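Put the complex together from the two separate chains, hints included.
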Amino acid sequence: MPRSPGYSLLSLLLTFAVSTGSLAQTAAPDLSDPEVAHVAVTANSIDIDLAKLAQSRTGNRAVKQFATTMITDHSAVNAQASALATKLGVTPKDNAVSQSLLKGASEARAAIEPLKGKAFDKAYIDREVAYHEAVIDALDKVLVPNTSNAELKKLLVDVRPAFEAHLAHAKKLQGALGAAK
Amino acid sequence: MKRGSRRFAGLPIAALAAIGVLALAGAAVPPRPTELVPQRHIVEIRGMAFHPEVLEVRRGDTVVWINRDIVPHTATASRKPGWNTGPLLQGKSGRHVARRVGEAPYFCELHPIMVGKLIVR
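Here the protein sequences come in this chain order: A and B.
For reference, each letter of the first sequence is one residue, going 129 to 309 in the numbering used here.
For reference, each letter of the second sequence is one residue, going 1032 to 1152 in the numbering used here.
Extracted from the complex, chain B is given alone in its bound form (with noise of 0.2 Å):
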């Protein structure tokens, strides 16, 4: 009886002992800046062009190009070898992960004329 409620006496200690040490574990990595977790972007394509037409973005955030257009899209990457997210019908879209840090100009294949660029930073 006595062993026994030694024992129970000593489990609030233990678990208290437990809670601090995982408070103290927390303080010591604080918690991951927003602006540090990876992005989602959106670009619209509509009329005939890219919306917006320049977008800055850091590194491992994601750009996804929604076609709004009747007529079929892509996003290309002007230099190759490159990404391209492949012909987009209207109302489907498209993404891709910006790796690589620096200007990123881009074009649609089967529009030539629609251009945009990512700003990777």
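Just chain A, same shape as in the assembly (with noise of 0.2 Å):
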């Protein structure tokens, strides 16, 4: 499958921490826990949008309920990871990996936003599994290694089977709107 722009947020990570010059000592950015705090509710702000651009586009109805379980479950996520950060109190820091990741939606979104009918359900549910794909890898190899606070990892660690399983769910559609084609 062709990856768009932004599609891998660990390839986005590795990019940055070669940029700063930290891969000589790790594979990945060296984050601290506000930082990490950041990129959480940025990964799940970008897919909460990109799930508002497909509930008002699609036509599928199996897409727009898939739309719809993203804007719910994403925001389920961040509501708790901003509760957690109130309690904490830490206040999440903007850094160049959240940068990257908007500046990588951004582009992915400019590709999938002219399409129509089909190929835009296609396109969105692709842009979906490999968008997961690379959080959940992310998850594993960058930001839960990278946290420091046990609450703030355990909610990370707490996430990942909702992931896996909108993985999953995207997956499935992936197979149905192609053998659809």
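Simulated from the structure, these hints should not be mistaken for lab results.
One thing to keep in mind: the hints can contain errors.
[Unchecked claim] Straight-line C-alpha distance at most 30 Å; calculated DSSO-like pairs for lysine-lysine: (1) Lys246/A / Lys1111/B; (2) Lys300/A / Lys221/A; (3) Lys1111/B / Lys192/A; (4) Lys1111/B / Lys281/A; (5) Lys1123/B / Lys192/A; (6) Lys1123/B / Lys180/A; (7) Lys215/A / Lys300/A; (8) Lys300/A / Lys1123/B; (9) Lys215/A / Lys1123/B.
[Said to hold, decoys possible] Calculated from the model, a selection of chain B residues having no Cβ within reach of chain A, i.e. all distances over 12 Å: (10) Gln1070; (11) Arg1071; (12) Arg1077; (13) Glu1087; (14) Thr1093; (15) Arg1099; (16) Arg1110; (17) Pro1112; (18) Val1132; (19) Gly1133; (20) Glu1134; (21) Glu1140; (22) Pro1143; (23) Ile1150.
[What the hints assert, rightly or not] Interface residues of chain B toward chain A, partial, derived using beta-carbon atoms under 8 Å: (24) Gly1078; (25) Met1079; (26) Pro1083; (27) Leu1086; (28) Asp1100; (29) Ile1101; (30) Val1102; (31) Thr1107; (32) Met1145; (33) Val1146.
Remember, it's a predicted structure, so these values are computed and weren't measured experimentally.
The beta-carbon is built from N, C-alpha and C at its ideal position, and this holds for glycine as well.
Next comes the structure, spelled out in structure tokens:
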């Protein structure tokens, strides 16, 4: 499958690590807890925004239901993250990884937005498969290992099964959309 | 005085008779076996799965789903028209009384890859 810009969160993180010279010490950027929190909230918000576009554009009932679930679930995760940050007195801190994510999301949206009908549905679901694969990879290799606070780490670990379920759901839709071609 | 004594003496006999009747009545209706009293079963939703995934119940039993996940879930009958707990937020629960004997597959409407099954005896 061709990969559009911004599809691999981990590659973005690794690119960031290379550009900051931290790859020599570790294969991932060295993020503080406030930065990890910001990356997590940004990653969820990106998926919510694209789902809102899909909700308003798709005519496919299953794709619309998927988009609704993405909005519901990623909003719930962000609400928990915000509540935890408030409890811990942590202010999510903007950083180069979050900025890279937003840039990638903007490029991906620009590629999907002009499409219509089945082409739109396919591009959206392809993006969701790739995005969730990348987010799960980044959770395992970058975000969880970088997190010091036990409660923040637990939240990241707890949301992983939801992202896996989203990925499986998206792959199922991807198969159905491919078969309907 | 004599009549009063007779009446007084008769009361315990009547009371004993009443107790005897009640005891006999009780003996005629044996206590309901525990397994026939409708039971309450708990299905926990955690880690994007139903635990247990397959649950055997008796007709009339109540199944309660409790959502332990951050994200909302439903328990929705796969066969239509059917029962549906509706969206359950974290920590909330929904219930269903099993009325029909047989297998009752169900799923989460929000996450269709999550499936479970009731086996109603």
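Each hint, compared with the structure:
no.	hint	result
1	Lys246/A / Lys1111/B	holds (28 Å)
2	Lys300/A / Lys221/A	violated (36 Å)
3	Lys1111/B / Lys192/A	holds (21 Å)
4	Lys1111/B / Lys281/A	violated (41 Å)
5	Lys1123/B / Lys192/A	holds (25 Å)
6	Lys1123/B / Lys180/A	holds (26 Å)
7	Lys215/A / Lys300/A	violated (38 Å)
8	Lys300/A / Lys1123/B	holds (28 Å)
9	Lys215/A / Lys1123/B	holds (22 Å)
10	Gln1070	holds (29 Å)
11	Arg1071	holds (27 Å)
12	Arg1077	violated (9 Å)
13	Glu1087	holds (26 Å)
14	Thr1093	holds (27 Å)
15	Arg1099	violated (10 Å)
16	Arg1110	holds (19 Å)
17	Pro1112	holds (18 Å)
18	Val1132	holds (31 Å)
19	Gly1133	holds (27 Å)
20	Glu1134	holds (23 Å)
21	Glu1140	violated (8 Å)
22	Pro1143	violated (7 Å)
23	Ile1150	holds (25 Å)
24	Gly1078	holds (5 Å)
25	Met1079	holds (4 Å)
26	Pro1083	violated (17 Å)
27	Leu1086	violated (21 Å)
28	Asp1100	holds (7 Å)
29	Ile1101	holds (5 Å)
30	Val1102	holds (4 Å)
31	Thr1107	violated (12 Å)
32	Met1145	holds (7 Å)
33	Val1146	violated (12 Å)
The structure shown violates the earlier hints numbered 2, 4, 7, 12, 15, 21, 22, 26, 27, 31, 33.
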